[in-house]
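Chains D and U are the protein sequences, given in the same order.
1 is the number of the first residue of the first sequence in our numbering; add one for each residue after it.
1001 is the number of the first residue of the second sequence in our numbering; add one for each residue after it.
FYI, nobody ran anything at the bench for these hints, they're computed from the structure.
Each hint should be verified, as a subset may be incorrect.
[To be verified] Cβ pair distances, simulated, as ranges:
{"id": "1", "chain 1": "D", "residue 1": "Ala145", "chain 2": "U", "residue 2": "Leu1013", "range": "50 to 58 angstroms"}
{"id": "2", "chain 1": "U", "residue 1": "Ala1026", "chain 2": "D", "residue 2": "Asp7", "range": "35 to 43 angstroms"}
{"id": "3", "chain 1": "U", "residue 1": "Ala1026", "chain 2": "D", "residue 2": "Gly31", "range": "28 to 36 angstroms"}
{"id": "4", "chain 1": "U", "residue 1": "Val1015", "chain 2": "D", "residue 2": "Thr160", "range": "16 to 24 angstroms"}
{"id": "5", "chain 1": "U", "residue 1": "Asn1060", "chain 2": "D", "residue 2": "Thr160", "range": "50 to 58 angstroms"}
{"id": "6", "chain 1": "D", "residue 1": "Ala342", "chain 2": "U", "residue 2": "Leu1073", "range": "22 to 30 angstroms"}
{"id": "7", "chain 1": "D", "residue 1": "Val29", "chain 2": "U", "residue 2": "Glu1047", "range": "26 to 34 angstroms"}
[Said to hold, decoys possible] Straight-line C-alpha distance at most 25 angstroms; calculated SDA-like pairs for lysine to any residue:
{"id": "8", "chain 1": "D", "residue 1": "Lys334", "chain 2": "U", "residue 2": "Arg1159"}
{"id": "9", "chain 1": "U", "residue 1": "Lys1079", "chain 2": "U", "residue 2": "Pro1130"}
{"id": "10", "chain 1": "U", "residue 1": "Lys1166", "chain 2": "D", "residue 2": "Thr160"}
The C-beta atom is built at its ideal place from N, Cα and C for all residues, glycine as well.
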Amino acid sequence: MSPSLRDRHFWVVVAAGLGLGVLGVLLAVWGNPQNSGICVSCFIENSSGALGLHDNERMQYLRPELIGFVLGSILCASVFREFHSRGGSAPLARLVSGIFLIVGSAVFIGCPIKLFLRLTAGDLSAVAGVFGLIAGVWIGLQGLARGIDLGRTEDERGATGLLVPAGFVLLLVFLLARPAFILFSERGSAAQHAPLMISLLVGLLLGALAQRSRFCITGSVRDSLLMGSRSPLFWGLSAFLVGAFATNLAMDRFTFGLYGQPGAHLEYLWSFLGMLLVGWLSVLIGGCPFRQLIKAGEGDADAGLAVVGMLLGGGLVQSWDIAATAAGVSMPGKLAVLAGLAFVLVISLLFRDRTA
Amino acid sequence: MLRDRFDQLMLALLVLVLLFAGVLLAGAGPGGGQHKSSALDRQLEREILYQARVAFIERNFSPVIALRNSGALQEALLKLEELGRSLPGEAHNDLLSGDILLRMSQFDRALTKLAAAVRRNADYVDAASPLNQRTLIESAVSEGLPLVRDRLRSQPDNRSMAQVLKDGYYLQSRLAGGCE
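Okay, chain D solo, but in the shape it has when bound (with noise of 0.2 angstroms):
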């Protein structure tokens, strides 16, 4: 049975979907690298460049969209009272599930956003990240399923949930008084971005529809593979994909094939257990690298604690030679997912609550 259509959330979260899917095309055709409009992964990389986490001269850009993700949330938490302060989930566990989401999205070359505005590009060689995120997705409600559990958030004393979006509201400010120490590329693909103002408009309209709405894209992907047509989710993921693959079409951004498709590589096993681990991990943490930006704006600091982990991650993917290229994944990338699947496998053995 399909979801009401006089239900308001349903239309939320469709409305999220193909706003997350029209703008992400969008933003690419205003000045985003191509099939890059939306990447939380790149962006992070690009962000922690800017913050001198790593010296890749040609990605370092504070992304202003990431900026509005963040605060669009913690506004639209705010104005419907669902902003509140929680955490104490493992929260180590998350800081370094943050970081290896991170590598396992610089491994394919995106996040799990990025892989379907490819996709619906014509980019075939996001195929193989596609199982794999679907793969990752279903092993992980296989652990959820079998009594593995980070444990549970409680509501926090004080406002440790302000902290993140306040690094947030420091990022801006930041990037609006270019203060010295702040880096900007000057050429690759950090120097190619949308207006500063659309950038941020767009992230805080985004933000404000993802946090009603509690759309992601590994969400989407496990509600589907759960419940099928009748999750909201699975509507939403089909509003993004139709409206993504649309505007590309609309904007003349199709390029059907395989090969010299931009910000891809050939190594399709590579792809794949990239993006298994980022669907793995996102199952287990409560959401891909989009959705733990807009938790950390509703307070959630376990959330905070991943995005955290994942600024690290960008410095780190980027400093180690962990991010692949179009020329392929290096050793250091194809070692630091094999570290990731080592370190989700461990936390499937010591999280799970074998009572049941």
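Got chain D; can you put chain U on it based on the hints?
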């Protein structure tokens, strides 16, 4: 929230710290300007290094470019070989080799050399860079790739040609843009 003197003291100290930070940010604090200038120096130093690199390339490879422009392609390749001994691993050596091989219609070797150049220095496919060589690389890909594909069709077991095809796809992908 402000129940006792301790709370009030904490709040007063917080206001004081924020005010002090504001004063420092406004540039009134001692040494602030000095720190700012050293950070600015870092950006400037980066730009100077880059400009120096471009000038270094132009100076060292100008004899090769002169030979290439005069049509002495074999001599230009020999000069590049000589330069390769004093400047091992320099991407511009690979780029010029690719350029010259393309002029000699040796498309497979040209693609390999150009791919090696771009792997070492992505500025060659960056329209915003003074080292931008997109036109050269685009013509190598558009002319070379179909020939390499044809040759692989007739010799499917030719491993070196398969590698050249990969190099061609790599260049095609870099020309298409996207994240790095």
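Against the structure, the hints:
no.: 1; hint: Ala145/D x Leu1013/U: 50 to 58 angstroms; in the structure: 52 angstroms, holds
no.: 2; hint: Ala1026/U x Asp7/D: 35 to 43 angstroms; in the structure: 53 angstroms, violated
no.: 3; hint: Ala1026/U x Gly31/D: 28 to 36 angstroms; in the structure: 33 angstroms, holds
no.: 4; hint: Val1015/U x Thr160/D: 16 to 24 angstroms; in the structure: 22 angstroms, holds
no.: 5; hint: Asn1060/U x Thr160/D: 50 to 58 angstroms; in the structure: 57 angstroms, holds
no.: 6; hint: Ala342/D x Leu1073/U: 22 to 30 angstroms; in the structure: 53 angstroms, violated
no.: 7; hint: Val29/D x Glu1047/U: 26 to 34 angstroms; in the structure: 30 angstroms, holds
no.: 8; hint: Lys334/D x Arg1159/U; in the structure: 24 angstroms, holds
no.: 9; hint: Lys1079/U x Pro1130/U; in the structure: 24 angstroms, holds
no.: 10; hint: Lys1166/U x Thr160/D; in the structure: 50 angstroms, violated
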